[in-house]
Amino acid sequence: MTSFVYIPRDRGIHPPAYAPDYKTSVLRSPRKALLALQQSLSELTGPVFGHDDLDPLDNDLLRNARVDGDPIGERIIVHGRVMDENGRPVPGALLEFWQANAGGRYRHVNDHYVAALDPNFSGCGRTLSDQDGWYHFRTIKPGPYPWRNRLNDWRPAHIHFSLFGAAFVTRLITQMYFEGDPLLPLCPIYKTIPDEGARARLVAPLDVDAGISLDSLTYRFDLVLRGRSQTYFENRPEGH
Amino acid sequence: MPVAKVLQESASQTAGPYLHIGMVPAAAGITTRKQQPGNVLAGSGAKGERIRIEGYVYDGADCLVRDAQIEIWQANAEGKYDHPEDRQNKPVDPNFQGFGRAVTDFESGLWYFETVKPGAVPGRHSRQMAPHVSAIIFARGINMGLQTRIYFDDEPEANANDPVLTLIELPPRRETLLAKRGERGGQVVYRFDIYLQGDRETVFFDV
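Residue numbers (this note's numbering), protein chains in the order written: chain A, 1 to 240; chain B, 1001 to 1207.
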């Protein structure tokens, strides 16, 4: 029996470890060359998640931290499709997401920004992609916020995404941005991505037709995980 | 056979300082999440030698990184991955999950996993790999998850023949992947420190 290995990562579309305009990367970036590793069973396998691992409200950030009402902010839906580099949908991908509230404040013990916390919002959610790779969740649009980097750096509005595909080598963490945000071209983290096209693919366009009238705007965010190459890996049963 | 590459992988971005909210909500102070993968992989009935793997993460100035997340993926004590692509004729262990997630303590910087020592797994061309745990490190300032492996220093023979460790020419570099076995209060504890940068920099992989 055979398994196909994953296509090598194109490092040219990913941010380099050392990106000095993002100052924290200076001391946290390995300087030695990465060791190229042929994929084995350890890389071609990975955790499998199912609906039993999730709570029904996990993809509803308007409700999953509700105390006495809805969170403050623009109600939005984020939806899209998880595909692989071969252009096929990735079913059963676990997507975890986290974000600041409408004022740009995170519900986190280490965030001390002056903007107010929202008692009805945690900014924490997750979901699984369906058989055709589709996912969606409901939330409020996060606000931009200042951060300590250069003197007056602001993060554009963004939602963090963590993804598990079919194998541990497809693991990916990224961020979704919003179409038309004037802070994008100023953001040192967004600009760690060297490739303009790769950068643009993290910007979710407004999906006017998918909105719910008199309720929510919708943004479309598609994600691509690593695909399979045409090189196979021998995976013989023991003793053969 | 798979079709050729027609799309580009989405670009990575740092997980940032507040990664806990989405991935380990309890650490951020969020208590509404009921079930969540954590740092205990082995239930009380799990087969194999119970071990703890612990350590710290250091930056290039040898300062502790106290906002990192470490994820691990490993085979069970028999050397079997609980995944459809592992077609070895070996049993999965219902009391063991191969995936774990830990964060460094905001004060001490310590991270740890409670697990079992994995069995050996065949590598490419059926060449046996030494027992190991795959790991990915995420943190603010890390633009793309850093992938590495944790091996065990009490497996000198298996390590000497491991197809990955033998790729590393310099012995001190190879040693960055060896967890050191010790004992504390009757429990086996392996120490594995991760150096993001500098003379003792951990070997990271392009997989």
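It is worth saying that the hints were derived from the structure and are not from the lab. These numbers were taken from a predicted model, which means no experiment stands behind them. Some hints could be false.
To be verified - Residues from chain A that face chain B, not an exhaustive set, calculated with beta carbons under 10 Å:
#1 R31
#2 R150
#3 N152
#4 R199
#5 R226
As the list claims (entries may be wrong) - With a Cα cut of at most 27 Å, we get these calculated BS3-like pairs of lysine-lysine:
#6 K1005/B - K191/A
#7 K141/A - K191/A
#8 K32/A - K191/A
#9 K1047/B - K1005/B
#10 K1180/B - K1005/B
#11 K141/A - K1034/B
#12 K23/A - K191/A
#13 K32/A - K1180/B
Unchecked claim - Far from chain B, by Cβ distances over 10 Å, these chain A residues were calculated:
#14 A102
#15 V169
#16 R171
#17 L183
#18 I212
Using N, Cα and C, we set each Cβ at its ideal position, and we do this for glycine too.
Hints versus structure:
This hint holds: R31/A has a C-beta 6 Å from the nearest C-beta of chain B, less than the 10 Å allowed. Hint status for R150/A: violated, given a least beta-carbon distance of 15 Å to chain B, over 10 Å. A cut of 10 Å between beta carbons decides the hint on N152/A: the least distance to chain B is about 19 Å, and the hint is violated. Satisfaction of the interface hint for R199/A is found here, the shortest Cβ-Cβ separation to chain B being roughly 7 Å, below the 10 Å cut-off.
Given the 10 Å rule on beta carbons, the hint for R226/A holds: about 5 Å separates it from the nearest Cβ of chain B. Between K1005/B and K191/A the alpha-carbon distance is near 25 Å, which keeps this suggested pair within the 27 Å criterion. Between K141/A and K191/A the CA atoms are separated by roughly 22 Å; this keeps the pair inside 27 Å, and the hint holds. Only pairs whose Cα atoms come within 27 Å are accepted, and K32/A paired with K191/A is accepted, the gap being roughly 23 Å.
Among the hinted pairs, K1047/B with K1005/B is inconsistent with the structure: their alpha-carbon atoms are about 41 Å apart, more than 27 Å. Pair hint K1180/B plus K1005/B does not hold up; C-alpha atoms about 42 Å apart against a cutoff of 27 Å. A C-alpha spacing of about 25 Å is found between K141/A and K1034/B, which places the hinted pair at or below 27 Å, so the restraint holds. For the given pair, K23/A sits about 13 Å from K191/A by alpha-carbon distance, which is consistent with the 27 Å threshold.
The straight-line distance between the Cα atoms of K32/A and K1180/B is roughly 23 Å, inside the 27 Å bound, and the hint therefore holds. The Cβ of A102/A lies farther than 10 Å from every Cβ of chain B, with a closest approach of about 15 Å, so its non-interface assignment holds. The beta carbon of V169/A sits about 5 Å from the closest Cβ of chain B, which is not more than 10 Å, so the claim that it is off the interface is violated. A cut-off of 10 Å between C-beta atoms contradicts the statement that R171/A is not in contact with chain B; the least separation is 6 Å.
With a minimum CB-CB distance of about 15 Å to chain B, L183/A clears the 10 Å threshold, and the non-interface call stands. Chain B leaves I212/A outside its interface by the beta-carbon criterion, the shortest separation being 25 Å against a cut-off of 10 Å.
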